[in-house]
Amino acid sequence: MNQSEWPLWEVFIRSKQGLDHKHVGSLHAADATMAVQNARDVYTRRLEGVSIWVVESKHIHASNPDDADAFFDPAADKVYRHPTFYEVPDSIKHM
Amino acid sequence: MLTQDLSGTKAAAATEPSLLFPYVLQLADTSLILAHRLSEWCGHGPILEQDLAMANIALDLLGEARSYYQYAAELEGQGRTEDDLAYLRSAVEYRNPLLVEQPNGDFAHTILRQFLFDNFHYHLLRKLKDGPDAQLAAIAEKSVKEAAYHLKWSSEWVIRLGDGTDESRKRLDKAIATLWRFAGELTTPTAAETALQEIGVLPDYATLLPEMQAHTEHVFAEANVPLPTAVFAQLGGKTGRHSEHLGYLLSELQYMQRTYPGLTW
Chain A
1 MNQSEWPLWE VFIRSKQGLD HKHVGSLHAA DATMAVQNAR DVYTRRLEGV SIWVVESKHI
61 HASNPDDADA FFDPAADKVY RHPTFYEVPD SIKHM
Chain B
1 MLTQDLSGTK AAAATEPSLL FPYVLQLADT SLILAHRLSE WCGHGPILEQ DLAMANIALD
61 LLGEARSYYQ YAAELEGQGR TEDDLAYLRS AVEYRNPLLV EQPNGDFAHT ILRQFLFDNF
121 HYHLLRKLKD GPDAQLAAIA EKSVKEAAYH LKWSSEWVIR LGDGTDESRK RLDKAIATLW
181 RFAGELTTPT AAETALQEIG VLPDYATLLP EMQAHTEHVF AEANVPLPTA VFAQLGGKTG
241 RHSEHLGYLL SELQYMQRTY PGLTW
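Line order of the protein sequences matches chains A and B.
With the numbering used here applied, the first sequence corresponds to residues 1 to 95, in that order.
With the numbering used here applied, the second sequence corresponds to residues 1 to 265, in that order.
Same shape as in the complex, but just chain A (with noise of 0.2 Å):
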């Protein structure tokens, strides 16, 4: 029962009102049942949500740190790539 060799898991948990599953955490699980059964103790206690997604975090892949200047600071001046140019009509509502 030695934690080490359980995989890691990490935990999306989609609230009442939310439309989408937000990354909470993770835990250690030997399997996809139990993690989501961990998932429910340790993340749903307080009514945080009504749904659970559970991935193993070895398949998640990201992007690397150091790339980071690379990837993302060219986005920084390219205000055209807002929508915010255009003139919205009055009768268009909930933009």
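Fair warning: there could be bad hints in the mix.
Said to hold, decoys possible - Distance ranges between label pairs, derived from CB positions: (1) Ala32/A - Ser18/B: 50 to 60 Å; (2) Val50/A - Asp106/B: 33 to 43 Å; (3) Ala233/B - Ala30/A: 32 to 42 Å; (4) Gly18/A - Leu59/B: 24 to 34 Å; (5) Glu5/A - Gly79/B: 49 to 59 Å.
As the list claims (entries may be wrong) - Restricting the straight-line Cα-Cα distance to at most 30 Å, the calculated cross-link-like pairs of lysine-lysine (DSBU-like) are: (6) Lys16/A - Lys152/B; (7) Lys22/A - Lys142/B; (8) Lys58/A - Lys152/B; (9) Lys152/B - Lys22/A; (10) Lys22/A - Lys145/B; (11) Lys16/A - Lys142/B; (12) Lys129/B - Lys142/B; (13) Lys129/B - Lys16/A; (14) Lys16/A - Lys145/B.
Please keep in mind that the hints were generated in silico from the structure rather than gathered at the bench.
Bear in mind the structure is a predicted one, so any value in this text is a computation, not a measurement.
Even glycine gets a Cβ: it sits at the ideal position worked out from N, Cα and C.
For this one, chain A is given, so just place chain B on it according to the hints.
Below, chain B without anything else, positioned relative to chain A:
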């Protein structure tokens, strides 16, 4: 109040406090003692996630116990409160079945104890929630969802321990050898329970057995563990004849109220 009207109507039974009181107390004691046992794991669980799971279940059971104690105090009508009933009764006055007072042992031992209890508890609550006593039905309605999760949790663990490593299997086998004899008491009615069954307040436990048995067979098949054939049932707890373990448990559970009577915080 009604005196000896056992003639049959369910409404009459539901208003007969002297019959109902000992049984509600039995339900309360059962949930409280198991909650206390599980709370002993707090900070000692095999992993953080299971430490939390057991604390969650303990709190569910404690909440259920409080509802029963409050109802029992009301039924008794002698001015005792839920705290008096929980903290100021001696071991021989406790009515919990022997199973729930058994020490935690190792994790497999705790899991099997929980599984045996959950399998009964869940199926009982499913009947009680549709029973004639409105208060019991309301408590059962709330608790049955919790019990459904408890049963799911302990069942999954029986499967994993049974079908896990040689070590986990060995420990589960040991737990079965120790605890199986205490399962039968849950579904063996006492005289008080029989009286309530006869007037329809309690389900006949025989009607719970097929579903309980089917679930046990399913779980043990998944776990690759042969179903124990021993049918001997050690009785006693529900009539106040307890194992030595309960006294030690109560001395810890009741310590504060015994030492500082009336203490609140």
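### Message
When the structure is checked against the list of hints, which entries are broken? Sort them ascending.
### Response
Hints that this structure does not satisfy do not exist here, as all of them hold.
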